[in-house]
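Novice: Using the sequences and the hints, build the whole thing.
Numbering follows the numbering used here, with no gaps: position 127 of the sequence shown is 1100.
Possibly wrong hints are sitting among the right ones.
Stated by the list, open to error - Below, simulated DSSO-like cross-link-like pairs (lysine-lysine); rule was C-alpha separation at most 27 Å, straight line:
id : residue 1 : residue 2
1  : K1215     : K1295
2  : K1215     : K1143
3  : K1188     : K1209
4  : K1154     : K1188
5  : K1143     : K1295
Calculated from the structure, these hints are not laboratory results.
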Amino acid sequence: MPTLEDLAAKVGDLTGKRVLVRTDFNVPLDHDADGVATITDDFRIRAALPTIEWLVERGATVVTASHLGRPKGAPDPKYSMDPVRARLAELAPSVGLLENLRFDPGETANDPAFVDRLVDGIDAYVNDAFGASHRAHASIVGPPQRVPSAMGRLLQREVEVLLGLRNKPKHPFVAVLGGAKISDKLGVIEALLETVDAIVIGGAMCFTFFAAQGKPIGASLFEPDMVETCRGLLEKAAAMGKTIHLPDDITGTDADGNFAQFGSRLGDGSIGYDIGPGSAAAFTDVIMDARMVFWNGPMGMFEDERFASGTRTVAQAMADTKAFTVVGGGDSAAALAQFKLDDEVDHVSTGGGASLELLENGDLPGLAALRHD
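Specialist: Listed below in structure tokens is the structure:
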């Protein structure tokens, strides 16, 4: 795919050229009682700076564009880019920022007319929005068909790291997966089974696996329609000589709502919210013995301190291991930041869904669009 250097070679002197940079400024916001929004984490804005600064240093006039939240194809003050624009002005004073792309229904519909408006007066386009590149939206796939285009530094690094996991893994290679739903990660689990040596399963998705093993799960969250699928995954992994590690103990609440710890069989009315200390220690051992680790999804409801221990322990193992460590964005990245360990891993992806889709399919709509150019 074309790099920034390729773009400069194609366009020539960038001085005075207008470059549209598709960024992922979908940052978390906190709204006060008056509706005033404050950015709670500017990581995604700072992550775009290497690309922006490279272009500005070469004389380009940079205009950035991003979505924020999920407005319904119409202007919504709650999702205004104003707080992002203010922070960007502090970090890169000469750089412009368009209003929320999703205020126009043409963005998610990939409307050619909307693409035409985006690139009007633009000399070149750079995609640096890895976290949105799994969506075939107008600002992602449209501009490369109209103007010279390239990937930015952030997108380039994400692709190198994640495709490196997929295509050139170092063994033992371990995937640590959590979160609520096995259905959200089914495709990536099946893809990872081809390359990893072991998969560690935590989060509420472990209860669907427990159900597949015939274990009682109390009132814990699970997906009944995925039980047979989980049974098949366990059988497939065993046939391939791969290991799927499931928790041996669980932390949660008993039938009366009191904090409790269980084994891997939960009584009526009990609810599991985190892996237990024994499982956290066992998962740590698996991580410490690996040469490469990919982590996506928390081990439990880490927002509640009573049920944060499993995720914290896994995060600490990711920081301590000598393996090459990659965290696949989303809640895992949020957990790392909460535990102040985000600087202790080798790569934190800016895209949860995008990282999973790239690992599963080896490609994304945004990447395919750039190759078209």
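Novice: None of the hints should be skipped; say for each whether it holds.
Specialist: Here is what the structure says about each hint:
Taking the CA atoms of K1215 and K1295, the gap is about 22 Å. The hint holds against a cut of 27 Å. For the given pair, K1215 sits about 15 Å from K1143 by alpha-carbon distance, which is consistent with the 27 Å threshold. Between K1188 and K1209 the alpha-carbon distance is near 19 Å, which keeps this suggested pair within the 27 Å criterion. Proximity of K1154 to K1188 is assessed by CA-CA distance (about 18 Å); at most 27 Å being required, the pair is judged to hold.
Proposed proximity of K1143 and K1295 is supported: the alpha carbons are some 12 Å apart, at most 27 Å.
The structure agrees with every numbered hint stated previously.
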